[in-house]
Amino acid sequence: MIDFIRDYGLILILFILPVIFALQPLFLPRIEKMHIQLDVAELKRKKLLIYRQIKELEMEYDIGNINENDFISGRATLKKEVSEVIAALKSL
Amino acid sequence: MTPIAGGVALNLAFGFSILTVFTLFLHTRNGDQRLFLTGQRLALGISFFVFLATFILAFQLIQSNFDIDYVARYTSLETPFIYKISALWAGQSGSLLFWLFILSVYTTIVILQNQRKHNSLMPWVIITLVIVQMFFLILTNYVTNPFKPTDADFIVTNGNGLNPLLQNVTMAIHPPTLYLGFVGFSVPFGFAISALINGDTSPLWIQSIRRWALVAWLFLSMGIILGGWWAYRELGWGGYWAWDPVENASFMPWLTATAFIHSIIIQEKKDMLRLWNMSLIIMTFTLCIFGTFLTRSGVMSSVHSFTASSLGPIFLTFVFLIIVVSFGMMYFRRNELKSPRKMESFTSRESGFLFNNMVFVVLCFSVFWGTLFPVISEAVRGTKITVGPPFFNQMNIPIGLILLALTGIGPLLAWRKTGRKNLIRNFTFPILTGLSTATILLFIGFRGYVVISFSLGAFVTATIGTEFARGIHARRKKFDESIIKALIRMVSKNRSRYGGYVVHLGIVFMFVGFTGHAFDDEKEFSLTVGETDHVAGYTFELIQLSEAERANHYAWISDLRVTNQEGTFVTNLHPEKRIYFHNNPDPNRRQPHSELDIYTTMNQDIYSIFSGVDSENGVAFIKIMVNPLVRWVWVGGFILVFGTIVALWPRKD
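In order, the protein sequences belong to chains A and B. So the first sequence is numbered by this note's numbering: it starts at 42 and just counts up by one. So the second sequence is numbered by this note's numbering: it starts at 9 and just counts up by one.
Okay, chain A solo, but in the shape it has when bound (with noise of 0.2 Å):
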C-alpha cells in the first residue's frame, strides 16, 4: 500500500484534486443569484460604450463626417441613453 502511494501519489492527487474542486460548490447551501451586483456591472459597462459612442461621434462630427443635423440628433439620442442608464443605477 505504502508503495502504491509512494509510486502512485502524485498523480492520485493530480486526478482526485479537480475532481473535489469541481464537485464542492455543489455541498454548499443553495445560492441566490447576485442580481444587482451583476446588474450594477452591467450598467456601469453600458455607461461606459455610450460614452464613447458619444466621443466618437463628436470627433465624426469634428472631421466633417456628418452634418450638424445628424450630430447633434444623434448626440441627443445617445444623451438620452446615457441619462436612463444612469437613472437605473442609481435606482439599484
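No false leads were slipped in.
On the chain B side, residues computed to face chain A include the following (Cβ under 7 Å):
hint: 1; residue: Arg42
hint: 2; residue: Arg49
hint: 3; residue: Leu50
hint: 4; residue: Gly53
Derived PhoX-like pairs (lysine-lysine); straight-line CA-CA distance at most 25 Å:
hint: 5; chain 1: B; residue 1: Lys350; chain 2: A; residue 2: Lys121
hint: 6; chain 1: B; residue 1: Lys486; chain 2: A; residue 2: Lys120
hint: 7; chain 1: A; residue 1: Lys131; chain 2: B; residue 2: Lys125
hint: 8; chain 1: B; residue 1: Lys429; chain 2: B; residue 2: Lys486
hint: 9; chain 1: B; residue 1: Lys350; chain 2: A; residue 2: Lys87
hint: 10; chain 1: A; residue 1: Lys121; chain 2: B; residue 2: Lys277
hint: 11; chain 1: A; residue 1: Lys121; chain 2: A; residue 2: Lys131
hint: 12; chain 1: A; residue 1: Lys96; chain 2: B; residue 2: Lys277
hint: 13; chain 1: B; residue 1: Lys277; chain 2: A; residue 2: Lys85
hint: 14; chain 1: B; residue 1: Lys425; chain 2: A; residue 2: Lys96
hint: 15; chain 1: A; residue 1: Lys120; chain 2: A; residue 2: Lys131
hint: 16; chain 1: B; residue 1: Lys501; chain 2: A; residue 2: Lys85
hint: 17; chain 1: B; residue 1: Lys493; chain 2: A; residue 2: Lys96
hint: 18; chain 1: A; residue 1: Lys88; chain 2: B; residue 2: Lys125
hint: 19; chain 1: B; residue 1: Lys350; chain 2: B; residue 2: Lys429
hint: 20; chain 1: B; residue 1: Lys501; chain 2: A; residue 2: Lys120
hint: 21; chain 1: B; residue 1: Lys425; chain 2: A; residue 2: Lys120
hint: 22; chain 1: B; residue 1: Lys485; chain 2: B; residue 2: Lys429
hint: 23; chain 1: A; residue 1: Lys120; chain 2: B; residue 2: Lys350
hint: 24; chain 1: B; residue 1: Lys501; chain 2: A; residue 2: Lys88
hint: 25; chain 1: B; residue 1: Lys350; chain 2: A; residue 2: Lys96
hint: 26; chain 1: A; residue 1: Lys85; chain 2: B; residue 2: Lys125
hint: 27; chain 1: A; residue 1: Lys121; chain 2: B; residue 2: Lys346
hint: 28; chain 1: B; residue 1: Lys486; chain 2: A; residue 2: Lys96
hint: 29; chain 1: B; residue 1: Lys501; chain 2: B; residue 2: Lys486
hint: 30; chain 1: B; residue 1: Lys277; chain 2: B; residue 2: Lys125
hint: 31; chain 1: B; residue 1: Lys485; chain 2: B; residue 2: Lys501
Pulled from the structure, derived: some chain A residues nowhere near chain B, Cβ distances all over 10 Å:
hint: 32; residue: Val126
hint: 33; residue: Ser132
hint: 34; residue: Leu133
What the hints contain is simulated information worked out from the structure, not anything from laboratory work. In this text the structure is predicted, and so the values were computed from the model without any measurement. Backbone N, C-alpha and C fix where the C-beta goes; we use that ideal spot for every residue, glycine too.
Given the structure of chain A, go ahead and fit chain B onto it with the hints provided.
Frame of chain A, contents of chain B only:
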C-alpha cells in the same frame, strides 16, 4: 506509467465535459447558482486535464520515448530539441490534441474573465465551448489517440524523425499561430450561439466579443503570412501562395472573419446587420473546423497534407451539425434578428461596409468552389479535375482589386448619408492621386492589372493620409495642439479606427508585393567552379562547392558570387543540397532537400535553389529566380500586425 497518465487525463477530460454540459444545462433550467459554479469548475477541470495530457506528450517527445507510436513516428534521437517540441503539432493526433489545448486555454480565459459578467450569456457560452472540446476529446480518445503504444513487437531504438520540410523555425511557429486564430473564433461563436438561445440579439454579445474576434483575426492573419513566408523560404518554388487547398483552408475563414470584424462595427454603432453578423460568425467558425478537416483528413492532395486519415466522415458530420443547429436557431430567432434600423442611403458608410462584406463573401465562395471542385468532380464524374492557380487568379484578382478600392472608399463615406458637397470634398484628392499614378504608369509602358493595382494602392494611401490629416487638423483647431501631439492623442483616443487605417496601409503594401509577381524572371543552369551564367542582368559565378556532415543531414554547399551589370559585387549566395537521414542503411528512407538562399531588398529578391549535384564531376545544378517587390508583402504583414495591435491596445476609461 506516465503515458498512461496522459491517456487517463484525456479520458477524465471527456468525462468532465459530459458532466459540464449536463450541470450547466440543469442550471439554465432551475437557476441554481451552485450548478453554475460546479459547471464552471468542471469546465476548468477539462482544461486542467487537457493541459496535463499535452505536457505529458511534450515531455515524452523530448524524452524520445519511442514506446509511444506518435513519438516514434515524428521524432528521432537526432531531431533537434526545438523540433521535438514542434513535433507536437506535426502529426494528426498531436495536432488535434494541440487544437484542444489552445481551446482549453481560451475557455479558461473566458471563464475567469467573465466570472461576474454576462450572467445570462455565460452558461450557454461555456456549454458551446465545451461541446467543441467534447468533439476533439472524442477524436483524441477514441479515433486517433496520441498516447497509442507502438505497434511493433520489438523494442524501437530510434524513431522516423520529423519531415525535413518541417525542420524550420518558421514552421515551428506557423501552425500554433494559425491554430490560435482558428480556435480563437470558437469564443465569438460561443457568444453568438448563447445570444441566439437567450433570444438577446442586441449589440450586447457583439460588445463582448469584439476584442476576441480581433485577437483571433490577428493570429489567423499572422499564421497565413508566416505560412507564406515558410513556403517562400523553404519549399523552393519561388512563390509564397499557390492556392493550395490547405492555404485556402486558412484563407476562407480569414475572408469571412474580415467581413465580420468590419460589420460588427455597424451593429455596435447602429444596431444594424444583426442577421448578417450572426451568419458571418457561424460561417467563420464552420470554415475553421472545415479548414482543420481539410488539413488533417488528407481528402485533398496537398504539400501540407502530411498525413492521410479516416477522420473525414467524423469531421464532416460535426460541420453538418454546426450548420444545421446554428442556422436552425437563426431561423427560430428570425424575428429577434431583424434590425430595428434600416439603411438610409447608398452613399453611406453603412452601405460601404455592407458592400465590402458582400465582396468578401463572394471571394470566399470563389475560393471555396475552386478548392472543393476536384473533390466534387471526382464524386460526380469519377474523374478528379484539379483547378490550379490560373482559375483562382482569374477569379480572385478582379475581386481582390474591388476590395482594395473599397478599402479606400469606405472611410471617405459618412454615417447615414454623404452629401454631394462632402463626396466631392472627400474624394477629390485620393481620386486625383490614383489617376495621376495610373497616367504615369501608362506613360512608362505598364498595362493591365499592374496599372490598376498600383493606382488603387495610391488611391487608398491618399485616403488614409487624408483621414489622418483631417483628424489632426480637427484636433489642432479644437485643442490648439502641435501636429505630433495631435497625432498621438488622436490615435490613442481612437485606437480601433486609426489602428484599422494602419491595417489598410499594410494591405496596400501587400498588394504592391503581389503585383510584383507580374515581373518575375527565372533560369536554370549548371555550373562548375569558376563558370558563370546570367539572369535578369545579374552574373552568377560558382566560387566553391563544398560538403559538410551535420547532426541530422549531409550537405553540399555552393558559394555563388553575384555581380550586377556594371560588374559591381552584390552578394554571395550559399544554397545547399541536403540529404536527411543520410546514415540510414535503407536508401529509400534518406530524404533529399534543397535549402535555398535569398538576397532580399525592397526592390527585388534574388532567390537561389541548389536543385542537384554531380559530385564526381563537381557540377552544381542551380535555379535562380529574380522576384521583384516580394519584401513589400512581408513589410505589409508587419504593418498589418502593428495596426491590429494598435486597435487592440486597451484604453484608459
